[in-house]
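Undergrad: Below are the chains, spelled out letter by letter.
2 protein chains.
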Amino acid sequence: MTTTTHPIPTTRNGIDCTRQAQTLEAIAGNHALGDVRFRATNHWRGGTRTGSCIDGYASAGTDMKHQNSFTIDSDLPEGFLGTDRASTPTEQALQALAACMTTTMVYNCAARGIEVRSVEAEVEGNLNASGFLLLDDRVRKGFSQVRLRFTIDADATNDELRHLLQASPMLDVFTHGVPVDFVVAAD
Amino acid sequence: MTTTTHPIPTTRNGIDCTRQAQTLEAIAGNHALGDVRFRATNHWRGGTRTGSCIDGYASAGTDMKHQNSFTIDSDLPEGFLGTDRASTPTEQALQALAACMTTTMVYNCAARGIEVRSVEAEVEGNLNASGFLLLDDRVRKGFSQVRLRFTIDADATNDELRHLLQASPMLDVFTHGVPVDFVVAAD
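Which chain is which? The protein sequence lines are A and B, in order.
In short: position in the first sequence from 1, add 53, done, that's my numbering.
In short: position in the second sequence from 1, add 53, done, that's my numbering.
Be a bit skeptical, because a hint or two may be false.
Note that identical chains are pooled: a pair holds if it fits in a single copy or bridges any two copies.
[Stated by the list, open to error] Below are the EDC-like pairs computed for lysine to aspartate or glutamate, each with C-alpha atoms no more than 20 Å apart in a straight line:
(1) K118 <-> E175
(2) K118 <-> D88
(3) K118 <-> E177
(4) K118 <-> D108
(5) K118 <-> D137
(6) K118 <-> E168
(7) K118 <-> E131
(8) K118 <-> D190
(9) K118 <-> D208
(10) K118 <-> D234
Bear in mind the hints are in silico, worked out from the structure with no lab data behind them.
Only a predicted model underlies this, so the values are computations on that prediction, with no experimental measurement involved.
Could you build the full structure based on these sequences and the hints that come with them?
TA: Right, here's the structure in full:
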């Protein structure tokens, strides 16, 4: 009779579970290690166009550089008097919500030994332009409602997956809001 | 004595003000013309990577196509066990907030005869990973605070500019939240 050993996989869902366990243990023992400051710069490019640059962040108080400087342009469709050369900021925020929910769920699945094979998401948000065009102050300026549909192939129940999708930072921001302070300086 | 006529400019801040005035009048007269449904799809690309596609939206109940299909990839930095090949969803949402505030302000300035010459924005958000990693349910999962700094060259006071930046759809969502419904289907 032979004995078959099943080595503990070091990677699950494409994530290094050995390093993940060490990272989670470190943050659980010292919450300050989990502090992150994300940032971006944006500049107006004329008309309805802007361009953003994302190149660094701070992790546990230490400034870090991304491997590359990432750029994201925005525009509005022609029906909104734009030039339709890029997606709109509102579409970008919706896709960020879907991407954040998927990434958070897959990441937390890896930490719990749950294999994920595929995730597809559709996201949609309703708004009415008479709010942000300041035509009617009874109409809210932002989305009145956002809906997502996830199609997931994973070794977990839908309820377990729902619980892990709920851990998403952007879902928290979208559903609960966040204090936003801004200052305006003359150039 | 000669009379100098000053023709009404048809473009202000790069926006066609003649068409803008017609658009605003039409929506003011019939709010349903201002209804928009923005959408995106996202798929998991393994590990910490996702990819989004943005190609259409609905305006006043009519399905519209963007001129191009826009893609946005996301990833996490190596310190978060990612491959750092794209910006994070949280960074993408922050830049979308800044882009939305700038676009909304410039657009509403054009409608009010206010010339804008330049806009730069910096945006930053704090979060602590022990929330979304489900290590401590007393720590919120999303940003605890978001800060922006705008540097604007325009023919308006800072108070007028603040008022028009406040009209941003994404600022409304970030500060007040929005009902988000999601469903999970097994693949």
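Undergrad: Work down the list of hints and note, for each, if the structure agrees.
TA: Each hint, compared with the structure:
Taking CA atoms no more than 20 Å apart as the test, K118 paired with E175 passes between copies only; the shortest distance there is 16 Å, against 31 Å inside one copy. With identical chains, the CA atoms of K118 and D88 are at most 20 Å apart within one copy only, with a shortest distance of 16 Å there and 40 Å across copies. In this assembly of identical chains, the alpha carbons of K118 and E177 lie at most 20 Å apart only when taken from different copies (15 Å versus 33 Å within one copy). Within a single copy, K118 and D108 get their C-alpha atoms as close as 6 Å, which meets the 20 Å cut-off; across copies the closest is 31 Å, which misses it.
Taking the closest pair of Cα atoms, K118 and D137 come within 20 Å of each other only across two copies (10 Å); inside a single copy the shortest separation is 31 Å, beyond that limit. In this assembly of identical chains, the alpha carbons of K118 and E168 never lie at most 20 Å apart, being 31 Å within a copy and 36 Å across copies at closest. With identical chains, the CA atoms of K118 and E131 are at most 20 Å apart between copies only, with a shortest distance of 11 Å across copies and 36 Å within one. Within a single copy, K118 and D190 get their C-alpha atoms no closer than 42 Å, and across copies no closer than 29 Å, so neither meets the 20 Å cut-off.
Taking the closest pair of Cα atoms, K118 and D208 never come within 20 Å of each other, the shortest separation being 36 Å inside a single copy and 37 Å across copies. In this assembly of identical chains, the alpha carbons of K118 and D234 never lie at most 20 Å apart, being 25 Å within a copy and 35 Å across copies at closest.
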